[in-house]
Amino acid sequence: MPTNETAPIRVLVVDDEPQIVRALRINLSVRGYEVCTAGTGAAALRVAAEKHPDVVILDLGLPDIDGVDVLAGLRGWSDIPVIVLSARTDSADKVEALDAGADDYVTKPFGMDELLARVRAAVRRGATAADSASGDPVVVTDSFTVDLVAKTVTKRGERVHLTPTEWAMLEMLVRHRGKLVGRKELLREVWGPAYATETHYLRVYLAQLRRKLEDDPASPRHLLTEAGMGYRFQV
Numbered sequence: 001m002p003t004n005e006t007a008p009i010r011v012l013v014v015d016d017e018p019q020i021v022r023a024l025r026i027n028l029s030v031r032g033y034e035v036c037t038a039g040t041g042a043a044a045l046r047v048a049a050e051k052h053p054d055v056v057i058l059d060l061g062l063p064d065i066d067g068v069d070v071l072a073g074l075r076g077w078s079d080i081p082v083i084v085l086s087a088r089t090d091s092a093d094k095v096e097a098l099d100a101g102a103d104d105y106v107t108k109p110f111g112m113d114e115l116l117a118r119v120r121a122a123v124r125r126g127a128t129a130a131d132s133a134s135g136d137p138v139v140v141t142d143s144f145t146v147d148l149v150a151k152t153v154t155k156r157g158e159r160v161h162l163t164p165t166e167w168a169m170l171e172m173l174v175r176h177r178g179k180l181v182g183r184k185e186l187l188r189e190v191w192g193p194a195y196a197t198e199t200h201y202l203r204v205y206l207a208q209l210r211r212k213l214e215d216d217p218a219s220p221r222h223l224l225t226e227a228g229m230g231y232r233f234q235v
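Position 3 (the sequence shown) corresponds to 3 in UniProt numbering; numbering is contiguous.
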């Protein structure tokens, strides 16, 4: 049975099938886990932001948002371990989910003992990752605030308008806050593989972000350049 001196391990179950939710709630609860649930993708993102679960069990066939899109929403701000639990057995679906950031993939129907073993493994991986990463979706600096769930930026209480490309670049840097993000990595993530050598794009868009967000764009404190290597977001 998992134990924690301060709080039980929290599992978010995302599924619109009541019988599966009930079975998982019972089996997880009797083993000492704290269980929260969501029946839609929108609810899943909201509950994840509010409850900060230690692991997510996610169905792909949700009534409002496809589970892969929920994964993308989670990965916008968090490294919470996600186990996909889906009736989709095609290898292309598995590859898509894993590429979107899933840690594991279990097909329905499933064995409860196997799923619980995978939950334990995911929790161990998540605990290791948490030692070096922050999962807070709202990042506050002295100059501006970034909400990775709402996809908004505010400065002195006012909403800052960013273009989709500016937001994508900022989001990538904020997700890796404190860490160096290489130029090629940033270009591939924001613009695509075909733009891996277009480093001038980075200079242009980073200058735009600094003008909008930094108190002194000429001497930035948060959006930093590592000459010849890449960029770093510093709180």
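Quick caveat, the hints were computed from the structure, so don't treat them as lab data. Any given hint might turn out to be false.
Said to hold, decoys possible - Between beta-carbon pairs, the in silico distance windows are: (1) THR152 <-> LYS179: 44 to 50 Å; (2) LEU224 <-> GLU158: 21 to 27 Å; (3) MET112 <-> GLY192: 25 to 31 Å; (4) GLY157 <-> PRO193: 37 to 43 Å; (5) PRO193 <-> LEU116: 36 to 42 Å; (6) ALA87 <-> ILE26: 17 to 23 Å.
All values reported here derive from a predicted model rather than from experimental measurement. Backbone N, C-alpha and C fix where the C-beta goes; we use that ideal spot for every residue, glycine too.
These are the hints, each one checked on the structure:
Taken as a hint, the range 44 to 50 Å is violated for the pair THR152 and LYS179, whose Cβ atoms sit roughly 23 Å apart. Remark: the range hint 21 to 27 Å for LEU224 to GLU158 is upheld by a beta-carbon distance near 24 Å. The beta-carbon spacing between MET112 and GLY192, approximately 41 Å, falls outside the hinted interval of 25 to 31 Å. For GLY157 and PRO193, the Cβ-Cβ distance of about 39 Å falls inside the hinted range of 37 to 43 Å, so the restraint holds.
Between PRO193 and LEU116 the beta carbon distance is about 39 Å. The supplied range of 36 to 42 Å therefore holds. For ALA87 and ILE26, the Cβ-Cβ distance of about 21 Å falls inside the hinted range of 17 to 23 Å, so the restraint holds.
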